[in-house]
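*Asks:* Read off the chains here:
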Amino acid sequence: MAKTDTPLLDELEKGKWPSFVKDLKQAAEKNPMAKDLLHQLELSYKDKIGHWKHGGIVGVKGYGSGVIGRYSDRPDLFPNVQAFHTMRVNHPTGWFYKTDTLRKLCDIWDKHGSGLTNMHGSTGDAILLGTTTDHLQSCFDDLSNAGFDLGGSGSALRTPSACVGPARCEWACIDSLDLCYNLTMTYQDQMHRPMFPYKFKIKISACANDCVAAIARSDLSIIGTWKDDIRIDQKEVLACAEAGMNIQKEVCDLCPTRCMEWNGKELKIYDEDCTRCMHCINLMPKALRPGKEKGASILVGGKAPIVRGALLSWVIVPFLKLEPPYDELKSLIERIQDWWDENAKSRERLGELIQRLGMRVFLKAVDLPAVPQMVKAPRTNPYVFFWPEDLKKEVK
Amino acid sequence: MAKTDTPLLDELEKGKWPSFVKDLKQAAEKNPMAKDLLHQLELSYKDKIGHWKHGGIVGVKGYGSGVIGRYSDRPDLFPNVQAFHTMRVNHPTGWFYKTDTLRKLCDIWDKHGSGLTNMHGSTGDAILLGTTTDHLQSCFDDLSNAGFDLGGSGSALRTPSACVGPARCEWACIDSLDLCYNLTMTYQDQMHRPMFPYKFKIKISACANDCVAAIARSDLSIIGTWKDDIRIDQKEVLACAEAGMNIQKEVCDLCPTRCMEWNGKELKIYDEDCTRCMHCINLMPKALRPGKEKGASILVGGKAPIVRGALLSWVIVPFLKLEPPYDELKSLIERIQDWWDENAKSRERLGELIQRLGMRVFLKAVDLPAVPQMVKAPRTNPYVFFWPEDLKKEVK
Amino acid sequence: MAARTDIGPPNYKTMLPPVIERNYGNWLYHEILKPGVLMHVSGSGEALYSVRAGSPRLVSTDHIREICEIADKYCNGYLRFTSRHNIEFLLDDKDRVEPLIAELKERGYPVGGTGHAVTNVVHTQGWVHCHTPATDASGPVKALMDEIYDYFVTMNLPNHVRISLACCLNMCGAVHCSDIAILGIHRTVPKTDNTRVPNVCEIPSTVASCPTGAIRGDMKNKTLTVNEEKCMYCGNCYTVCPAMPIADPDNDGISIWVGGKVSNARSAPKFSKLAIPFLPNNPPRWPEVVNAVKNILEVYASHARKHERLGEWIERVGWERFFSLTGIPFTDQHIDDFDMATETFRTSAQFKWR
Amino acid sequence: MAARTDIGPPNYKTMLPPVIERNYGNWLYHEILKPGVLMHVSGSGEALYSVRAGSPRLVSTDHIREICEIADKYCNGYLRFTSRHNIEFLLDDKDRVEPLIAELKERGYPVGGTGHAVTNVVHTQGWVHCHTPATDASGPVKALMDEIYDYFVTMNLPNHVRISLACCLNMCGAVHCSDIAILGIHRTVPKTDNTRVPNVCEIPSTVASCPTGAIRGDMKNKTLTVNEEKCMYCGNCYTVCPAMPIADPDNDGISIWVGGKVSNARSAPKFSKLAIPFLPNNPPRWPEVVNAVKNILEVYASHARKHERLGEWIERVGWERFFSLTGIPFTDQHIDDFDMATETFRTSAQFKWR
Ligand code: SRM
Ligand code: SRM
Ligand code: SRM
Ligand code: SRM
Ligand code: SF4
Ligand code: SF4
Ligand code: SF4
Ligand code: SF4
Ligand code: SF4
Ligand code: SF4
Ligand code: SF4
Ligand code: SF4
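As they're listed, the protein sequences go chains A, B, C and D.
Position 229, counted from 1, in the first sequence is what my numbering calls 229; the numbers after and before it change by one each time, with no gaps.
Position 80, counted from 1, in the second sequence is what my numbering calls 80; the numbers after and before it change by one each time, with no gaps.
Position 129, counted from 1, in the third sequence is what my numbering calls 129; the numbers after and before it change by one each time, with no gaps.
Position 137, counted from 1, in the fourth sequence is what my numbering calls 137; the numbers after and before it change by one each time, with no gaps.
Among the hints, a few may not be true.
Unchecked claim - Result set (EDC-like, lysine to aspartate or glutamate): computed pairs, CA atoms no more than 16 Å apart in a straight line: (1) K376/A - E343/C; (2) K22/B - D62/C; (3) K16/A - D150/D; (4) K14/A - E147/D; (5) K286/A - E31/D; (6) K227/B - E320/D; (7) K364/A - E342/A; (8) K46/B - D5/B; (9) K249/B - D253/A; (10) K35/A - D110/A; (11) K16/B - E147/C; (12) K111/B - D62/C; (13) K46/A - D250/D; (14) K104/A - D250/D; (15) K73/D - D110/A; (16) K104/A - D72/D; (17) K306/C - D253/B; (18) K306/C - D5/B; (19) K376/A - D62/C; (20) K34/C - E147/C.
Said to hold, decoys possible - Beta-carbon label-pair distances, calculated as ranges: (21) P325/B - G213/C: 40 to 48 Å; (22) D134/B - G213/C: 38 to 46 Å; (23) I57/A - P204/D: 14 to 22 Å.
Stated by the list, open to error - Output of the computed footprint for chain C on chain B, the stretches with three or more beta carbons under 8 Å from beta carbons of chain C: (24) 90 to 103; (25) 180 to 190; (26) 250 to 264; (27) 345 to 353; (28) 379 to 391.
Calculated directly from the structure, the hints in this document are not laboratory data.
Positions of the beta carbon are idealized from the N, C-alpha and C atoms, including for glycine.
Between the sequences and the hints, there should be enough to build the whole structure, so can you do that?
*Replies:* Written out as structure tokens, the structure reads:
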């Protein structure tokens, strides 16, 4: 091989897995920004340190979000990435694309940016990686004209995302795509004009398999479920057994509530004990299906560790029917956001606020009743508050 | 029934369970303090409130602990309990008594106090309930002459206690009684002269059944265990089965690690998976016995809720052989107490201090290695400290 | 005679019956011959019989003398108390067991508390001797044990049930890991008497005593103020500052906690969890409390599997089911709001409907 | 033309292939025909075939055009991306599946990631675009996937394994609930530049940003000081105050976390737990990291039972066993010392020796 000026990155062109270095080089061939990025990255590989300066606020007209400002700390060496901002483009719900749409995106980005992208960012946006400050507005204009809009960033609603749901999945208990799109359209203002105490994420999975990891990484997690009994096709159960599945071991013994019995011929489910974990259905998609009374559980608070530690979302509504126009859900979301907005400190996520002020206070504020499904177990410490109305007035 | 002046308490003379009211009345018949106590208690039953003033420090010569001061808030009505202090008498380890010893205690208490006792207090002392300030010293003198001593109170070592252990129990993995007595005798000074930041409790159970609830209510919990394999007498296993025990269901299925197999004839234990929970042994005492390599796990931190919430003790040494003179254990106890003494705020229990400063700091200070047995699971938050010696010095 | 100090307790070795001395550490196995009667058999072939009798714990010297009399008659003067305050008569002669039991019964001592039974209720001082109680101790225990007496003298429960009572949040009864815990609670904030504060209270340590940071201290004027919204009535400030009394006859009462355990058998030790936030103090027989405990006990007895402790049963069927079976209402008070509250929130989409 | 704002994303309905439009919400079941190939069958009898291909995620526009070309050829121009950044080609014609796969292979696209496989590694920006990374993102992922490639194109693991990478504690890769998480960490305190603080930092919010309260702010002199003993190098202060850079080429690196999951299947969602506190940054191929992940993956593959996720396996056998089987040393860093640390301490006498 000829000697190159990116010997470290070149190593990553080898191997079977598709190489991002190939993409960098491909872009670098026609784009000077991409070329400088490639070389700055090579320097980082040598120095074992990033070469970007701290943040910087840039944007497009009328919006407070959707762009992440970025500047090189070695503009002397890499002048074409002196400014190298990212644009977050709201993906079509479910990440479905027609090729003509995708090609439009490519054309716009070749015109305005580095020609490099992330398909997609971990919140779900199509990330257009690197452009200069003076291209931001024109790039946005072109995007908008092509039918695209920016996603969220900063202290705003972030681009909601949803699992593939009813578009392809037999287990969808709610229309995750319609709901996600509906909420996205309803809350455009909250997404584009940061006015919350911090970021707010919504993710929607249409069943408890949670294929968008909603429970782990959204302030509001909507997870499909059902209320009635699992539908069983005993014929197909037998077919599974005949095909070699050890139903006792693989299904019944792994059911978390052990609420299934298999006698070699028939599978019995004690549905009142089932917690709708999806395991048995996952294993026998032809034989078992979620019930017919479908809806979703609403959970809140999920987030990454900063500042007070990572949280998984908490159940606040065990079951809600979810049908357009989703008014009950929206009213709940707004009550939650209002309370959060009023009470949170700057950079305090919803979960952290509930942690600080207490679930009791939160429930009262958003007008939700306490139910045992909200807890793994009741409290163990005796530090119980009483509302003034619980008390007997002094009778002396 | 004749009309009495304790109508409420009289109700509690009825019923099958032995009545403390009978004892109160029995004592009241010969003792004016007991009589006033009875009537003050009747008043409490009427008022639904206690009638004792806040604390008060009283004691005997040379000691800072062993006596709980108590004064009535209605000395006008109940002059004989104007002062009504409690003496905590260190019980013979295991709460074994010869009747002559017990009678001596009774005689002394009839002479100096109310004639009422608790056999025993929840820390384990024989509680002599109620005497006046000027009887404290003479009562102590009489107790001492009869071979008794006071237990702990205040910011001191509290009376250690132990399960009945090898005196009667086939499962004892350590000599809980000898160890408890030995520690009690070694640490007389710490028990009688409060000089710690707060109370310090030691409890010893000779196996994991933990019959003195050591893990829940002692700062230092010593719990017997073994290292090698459970001893099995297959003949006796069969006998259990024949006697009607469902070994699969009652024993194997309830084993927390499911490390037992029963084929109707032989019981196989995969001892490497056994966590020595005692369940199987509890169920078949004739068939199964703890292994031969015996010792104890050392745990620290257990306590009631005040101030920062209740704690169960935490494993800090999974296994320690415990034989007289117990030097290794004592050295550990002293290292722990020294560190606690140096670092704790006033009224901060050992567990709370570890909670505040971190297990890492504690382990280093008392020179114990970290082992996985110390945790339910490793940390989930990424807020990991590194000791300076872990780092690479800057090489630039 | 001048008192010697630091002599320690009587050496337990001098208190052991000869049959124990001979077989110390050599026990092979035991059997529960019937409720309240244990037989321990030694490698030597000898056997020790322990007969367990209930006790109110608050006993007069005459009562102790009566116990001694019985022990002299049947046990050569040897007896012990258990870690839950029962009395154990220690016999080396099987033939004396039944006569002893007969005499105990005649004298009104319940014999039982072994195996799958309710044993004695560990409890505390209450209005008898303490200064911070929110309820009495001996009274509720007596009322309860009268009602569930049969569970003491039989062994028909799924596993043993350990009931404890503490009269305030200091939890001297160590109720925090009991199958069923009865806990006295206050429900109103302390009434600070700032005229006494300067004389009897140390301001910084009072402020520090509050788990929820509800107390503000003014060092200049030597006063203390309680933020009523942050106070959850634990009474710890009163422990360190007598000028902050908290008892309130109208609002003090009892809360019920369930599902704790201490042993490592099967499942790890567990804390008790809140079942009922408040029941009124209703002396002399606390009927609400007695009924609540009995209800929980009986729902457990009729639903749990053999060997399942109360908490193990609840964990298997779920807390939803516990509340629906017992008919106890779930409230926002059941949801923790202290330091580690979030650890108790349900972080999954798994739950039951009933 | 003036840009319209707030138009939202393209309506997904306009992006759905006709077979999906027709069968939306009517799917009956699916089968995994082979690694990377899903067949979904509708109530109407129609079937949809999805062929899943791996992607480096950081892709050029030309690369996207190539994907479009393939989709035009086999899928009438319809495709999607998955929540883990794989590409899914959507076909309504079974006969085109094999030719598509053949072309994908030829062009170097791995086909797989379905069922009991390792799928794509969710990851972040690293040195490519972010300002706070402690390591690169795309590089370690590429190095790792080269090494464990076979697990992507086959389905022989006990269950699927979700690997994620985040280049700093902000955890944009949401690695905190992954079977195996690769997390960039700093290990030295930020180097505060107090000459810049007054201009670029807000003192109160910087002080508030520190999870462990390690920062003291001097409002008068407009300076910030870090208590080195309390700082655990999270970098959050740098996020809010540019004058506190924390990157350190000699001491930054990677930690490995295991046993997290998100689905509710069988067990509740779980956080990942610390397995290896530190491995050095060793570009371009991070051999220590790659080997560590591979080792964990293979120990899991050879010990777990069918359908057991990594974390479920560890919980069954115990963390003692995890450390002994993988040969990873246990250190005091594995023991939590943040807010809720005590919840993770072992509160029982139950444990294994190995
Ligand atoms: C681009 C993206 C990573 C990626 O490569 O995919 C990203 C990149 C950044 N994230 Fe993130 N986050 C991205 C998804 C996430 C996620 C995952 C998710 O949304 O599902 C998380 C975890 C979930 C959560 O929100 O808790 C995440 C948690 C954070 C945090 C920590 C927030 C917390 O409360 O713990 C920060 C720090 C902050 O906000 O100050 C952060 C901050 C940042 C910043 C803005 C850096 C900063 O400190 O200001 C990064 C800009 C990088 C750059 O230069 O482009 N990012 N960030 C993701 C957004 C792409 C998109 O829009 O699709
Ligand atoms: C007598 C006794 C209750 C009984 O009826 O059995 C008792 C009685 C008192 N305890 Fe206790 N505690 C008694 C065993 C316990 C136990 C159980 C144990 O030791 O196994 C605990 C729970 C375990 C623990 O220590 O954590 C216990 C936890 C407390 C606490 C809370 C300590 C904490 O750190 O959470 C306090 C409050 C304090 O220390 O300020 C306390 C305080 C008190 C005081 C001294 C009241 C006070 O606030 O100053 C009580 C005096 C009552 C009186 O007037 O006689 N007592 N106390 C027990 C001692 C008898 C004996 O020596 O045998
Ligand atoms: C006498 C006493 C020890 C002492 O030094 O005083 C004792 C004695 C025995 N215990 Fe215990 N335990 C004693 C308090 C305890 C405690 C402490 C407590 O309750 O405060 C516990 C922990 C309770 C908990 O987990 O909450 C305790 C948990 C056990 C267990 C575990 C049962 C379980 O499944 O969880 C066993 C095993 C069994 O019963 O099969 C056990 C077994 C035994 C055996 C069978 C041991 C033996 O072989 O001698 C003894 C007779 C048990 C019986 O009553 O049926 N002992 N035992 C205590 C009697 C208290 C009483 O008067 O009722
Ligand atoms: C395409 C995708 C949804 C999307 O909208 O993009 C998807 C699609 C399916 N998931 Fe998923 N899951 C997808 C991300 C996830 C995630 C999210 C994640 O990994 O970040 C999870 C949670 C992961 C976790 O628990 O940590 C997830 C947990 C599951 C499970 C639960 C498995 C378990 O035992 O824990 C199932 C059930 C199963 O596989 O049997 C499932 C099942 C399925 C099924 C079989 C549903 C169906 O009937 O169509 C789909 C094919 C699965 C397969 O790959 O074998 N899907 N699935 C995502 C593909 C990601 C990828 O490229 O690999
Ligand atoms: S979350 Fe459920 S409904 Fe959605 S794609 Fe995954 S398995 Fe299907
Ligand atoms: S969904 Fe889960 S809990 Fe319900 S029956 Fe199936 S495996 Fe059991
Ligand atoms: S703790 Fe163990 S050794 Fe001690 S009495 Fe109880 S069962 Fe026996
Ligand atoms: S002691 Fe416990 S863990 Fe060990 S084999 Fe017996 S039941 Fe199982
Ligand atoms: S529990 Fe409270 S009120 Fe009862 S004895 Fe202990 S300190 Fe006193
Ligand atoms: S009662 Fe407890 S919570 Fe209320 S002020 Fe006093 S210490 Fe604080
Ligand atoms: S994880 Fe950290 S370094 Fe990586 S992209 Fe997110 S904020 Fe930047
Ligand atoms: S790096 Fe984190 S822990 Fe250290 S001072 Fe900054 S915010 Fe605090």
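*Asks:* A separate judgement is required for each hint: does it hold in the structure or not?
*Replies:* Results of checking the hints against the structure:
Note on K376/A and E343/C: the hinted pairing holds, with a Cα-Cα distance of about 8 Å set against a maximum of 16 Å. As the CA atoms of K22/B and D62/C are separated by approximately 11 Å, the hinted pair is consistent with the 16 Å bound. The suggested pairing of K16/A with D150/D holds, with an alpha-carbon distance near 10 Å, which does not exceed 16 Å. Proximity of K14/A to E147/D is assessed by CA-CA distance (about 11 Å); at most 16 Å being required, the pair is judged to hold.
Distance restraint check for K286/A and E31/D: the Cα-Cα separation of roughly 9 Å lies within the 16 Å cut-off, and the hinted pair is therefore satisfied. Straight-line distance between C-alpha atoms of K227/B and E320/D comes to about 15 Å, which keeps the hinted pair within the 16 Å bound. Our distance criterion of 16 Å between C-alpha atoms is met by K364/A and E342/A, whose separation comes to about 15 Å. A hinted pair counts as satisfied when its Cα atoms are at most 16 Å apart, and K46/B with D5/B qualifies at roughly 12 Å.
Distance restraint check for K249/B and D253/A: the Cα-Cα separation of roughly 15 Å lies within the 16 Å cut-off, and the hinted pair is therefore satisfied. At most 16 Å may separate the alpha-carbon atoms for a hinted pair to count; K35/A and D110/A meet this at roughly 14 Å. Proposed proximity of K16/B and E147/C is supported: the alpha carbons are some 9 Å apart, at most 16 Å. Only pairs whose Cα atoms come within 16 Å are accepted, and K111/B paired with D62/C is accepted, the gap being roughly 13 Å.
Distance hint between K46/A and D250/D is fulfilled; the C-alpha atoms sit about 12 Å from each other, no more than 16 Å. For the hint linking K104/A to D250/D, the alpha-carbon distance of about 44 Å lies beyond 16 Å, and the restraint is violated. Using a Cα cut-off of 16 Å, the hinted pair K73/D and D110/A is violated, with the two alpha carbons roughly 24 Å apart. Distance check on the hinted pair: K104/A and D72/D sit about 15 Å apart at the alpha-carbon level, within 16 Å; holds.
A C-alpha spacing of about 12 Å is found between K306/C and D253/B, which places the hinted pair at or below 16 Å, so the restraint holds. Between the alpha carbons of K306/C and D5/B the distance comes to roughly 48 Å, so the proposed pair goes past 16 Å and is violated. Simply put, K376/A and D62/C have alpha-carbon atoms about 50 Å apart, too far for the 16 Å limit, and the pair is violated. In summary, the hint linking K34/C to E147/C is not supported, as the alpha carbons are separated by about 22 Å, beyond the 16 Å threshold.
Distance hint check for P325/B and G213/C: the Cβ-Cβ separation is about 46 Å, which falls inside the suggested range of 40 to 48 Å. Against the hinted window of 38 to 46 Å, the Cβ-Cβ separation of D134/B and G213/C comes to about 43 Å, which satisfies the hint. At about 20 Å, the CB distance of I57/A to P204/D agrees with the hint of 14 to 22 Å. Coverage of the stretch 90 to 103 of chain B by chain C holds. Counting CB-CB distances below 8 Å, 14 residues qualify, and the rule asks for three or more.
Counting residues of the stretch 180 to 190 of chain B whose CB falls under 8 Å from any CB of chain C gives 5; the rule of at least 3 is met. Here's how the stretch 250 to 264 of chain B fares: 4 of its residues keep a CB closer than 8 Å to some CB of chain C, so the rule of at least three is met and the hint holds. Check on the stretch 345 to 353 of chain B: 3 of its residues sit with their Cβ under 8 Å from a Cβ of chain C, so the three-residue criterion for coverage holds. Under a criterion of three residues with beta carbons nearer than 8 Å to beta carbons of chain C, the stated coverage of the stretch 379 to 391 of chain B fails, only 0 such residues being counted.
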